[in-house]
Amino acid sequence: MTTPPNALPESQIPSQPVAAVQRPAAQLLYWSVRRELWENRSIYVAPLVAAVLAMLGFFVGLTQFSRTHRMTSADPAHQFLMLVMPYGHTAWLLLITAFIVGVFYSLDALHGERRDRSILFWKSLPVSDLTTVISKAAIPLVVLPILVVVITAVTNLVMILLNTAGLLLSGLNPIALWRQVPLFQMELVLIYGVTVLALGQAPLYAWLLMVSAWARRTVFLWAVLPLLAISVAEKLVFNTTHFLSMLSDRLIGGSTDAFSFITPSGAPVDPHFIPLSQITPGKFFGNPDLWIGLAFAALFLTAAVRLRRYREPI
Amino acid sequence: MACIEARGLRKSFGATVAVDGIDLRVEEGRILGLIGPNGAGKTTALNAILGLTPYQGELKVLGRDPWNDRDHLMLDVSFIADVAVLPRWLRVSQALDYVAGVHPRFDRAKAESFLGKTAIKRTSKVRELSKGMVAQLHLALVMAIDAKLLVLDEPTLGLDILYRKQFYDSLLNDYFDRTRTIVVTTHQVEEIQDVLTDLMFINRGRIVLNCSMEEFESRYLEVMVNPEQVAAARALKPLHERQVFGRSVLLFDRADRQQLAALGEVRTPSIADLFVAVMGNQNGAPQGAAQ
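Here the protein sequences come in this chain order: F and L.
Using numbering that gives the first Met the number 0, you'd call the opening residue of the first sequence number 0 and step up by one each time.
Using numbering that gives the first Met the number 0, you'd call the opening residue of the second sequence number 0 and step up by one each time.
Simulated from the structure, these hints should not be mistaken for laboratory data.
Certain hints may be false.
As the list claims (entries may be wrong) - Taking CB as the label site, the calculated pair distances span:
id: 1; chain 1: F; residue 1: ARG305; chain 2: L; residue 2: GLU190; range: 18 to 26 Å
id: 2; chain 1: L; residue 1: ASP159; chain 2: F; residue 2: LEU220; range: 38 to 46 Å
id: 3; chain 1: F; residue 1: ARG305; chain 2: L; residue 2: ALA1; range: 56 to 64 Å
id: 4; chain 1: L; residue 1: THR117; chain 2: F; residue 2: ASP288; range: 51 to 59 Å
id: 5; chain 1: L; residue 1: GLY20; chain 2: F; residue 2: ARG114; range: 30 to 38 Å
id: 6; chain 1: F; residue 1: LEU47; chain 2: L; residue 2: GLU127; range: 50 to 58 Å
id: 7; chain 1: F; residue 1: VAL223; chain 2: L; residue 2: SER11; range: 30 to 38 Å
id: 8; chain 1: F; residue 1: THR239; chain 2: L; residue 2: GLU127; range: 54 to 62 Å
id: 9; chain 1: L; residue 1: ALA1; chain 2: F; residue 2: ALA24; range: 57 to 65 Å
id: 10; chain 1: L; residue 1: GLU190; chain 2: F; residue 2: GLU311; range: 25 to 33 Å
id: 11; chain 1: L; residue 1: ASP159; chain 2: F; residue 2: ILE95; range: 29 to 37 Å
As the list claims (entries may be wrong) - One side only, chain F facing chain L, incomplete, derived with CB under 10 Å:
id: 12; residue: LEU27
id: 13; residue: TRP37
id: 14; residue: SER41
id: 15; residue: ILE42
id: 16; residue: LEU119
id: 17; residue: THR163
id: 18; residue: GLY165
id: 19; residue: ASN172
id: 20; residue: ALA175
id: 21; residue: ARG178
id: 22; residue: ARG215
id: 23; residue: ARG216
id: 24; residue: PHE219
id: 25; residue: LYS282
id: 26; residue: LEU306
id: 27; residue: TYR309
To be verified - Footprint (simulated), chain F over chain L, 3 or more residues, beta carbon under 8 Å:
id: 28; segment: 109-120
id: 29; segment: 232-241
Using N, Cα and C, we set each Cβ at its ideal position, and we do this for glycine too.
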């Protein structure tokens, strides 16, 4: 930067500022993710509402516990299942909520900013399209899974405390309850489960993000119809359903590989309580479908970055 | 080093050529007004400069390639692309937090002090602010960024006259310091006449006039011709002629001031009058068609 020859010496100082260095990538990512949470409060409100519902349901169940208790069979396995079921429900309810939130979030993530023209404001700041797309992909792939794990842990803790209080009030010893409900183990399995889902469903969310960066309108239709068309075409031409089964496999995140639903003794495993001994990470990570899916996820996200660079307000 | 340097800048959308091979050089410390009719290619040219759209030809902004290096360029370039691009859900405090978080050259205290002069509350969301207040907020954010180039594309569109006046006043008094460069497009030409240092008319993707304001003032003269001398005045080949209250006003390019003074009242034309004259001729209207 040259200073005009007629400039006063003093003016050289402000006119030759130290070259600004971009904020560290982690900081840019942090503020970008916070920005998403400001805009889309449903990301944490919806799981919280689901947690409150789970708690309410549990509380209502507790008040009727004495009646149902008498009806339960003497089979200890069944009794155990009845005991842990509400805690398993919490996790499932939150997983389903997070999935719905994640899908709708991803459909809108790179479309909404073009619709309301705010993309022009975001692009006026020194944040790259790559950082923006990564921060948006992080919502369904990182933020929502963490919320599921944390909110489930807190909810289940509140529930077991409620249950303990109930037992104490009716003069029963709560120690058996704490000994029998494997909350910690359930939480570990949940952490494994959300990781499996995030990795397995990554191509799905990445696809939605890419379509939301590409489509001018009706993002949902553009996201769904091509997949449907390929499935139908395959069925008509080859009379096979490989594409459809691949899709449904990604939809459940390849989780059939991640767990064994038959115990070594041959008994079926109830999805409300999957013991830690039933996880099969070797099989999950060994399946090439996972890695092919992740490669596609990377491809879709790269396309989303490129599309965002070219895209203007709608 | 020039702030903006373009050679053969070209951009087409299908068969439509929006920017048709522009050569452009904007030095540091200038305030350039980019004036043109709707669809002239102003916004497209600015979008190319801001790295929002790919282009053909050579373009360097502060020595960088805008299309391939937008995020780094934005460390030194600010822009207000439109009046209403702040997202409606954003809170004022969040806007400050976010820009402070991502922009190393953002001076939060400065932005707060600009906002202190307005009626904008920190807890308000953009959707709760009036159009004028949103423009004030955006300007406060942009002025608190120590940028070398500020690009304003119709920054005051749809604002009332008070906000518009205030907008340019704060820009000149609180922001412009002769080392920064400002490029502004607007249809409210008369409001920026005293603000500009340079003027550029653009039409159909081409630059049709490019001069400094000093040059503008010395080159173009407007004469309200005495009725009996109209024929003599027309003989001097005016750029344009129009009627005001039944009298002819002729606009000249590079005419002799003394000679014109003999024909009537001489003054510097407004940018708007020159714009009409140049564009009228551009669009194929014969000279003096305003009769």
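Subject >> Non-conforming hints, listed in increasing numerical order >> reply: 1, 3, 6, 9, 11, 14, 15, 17, 18, 19, 20, 21, 22, 23, 24, 25, 26, 28 and 29
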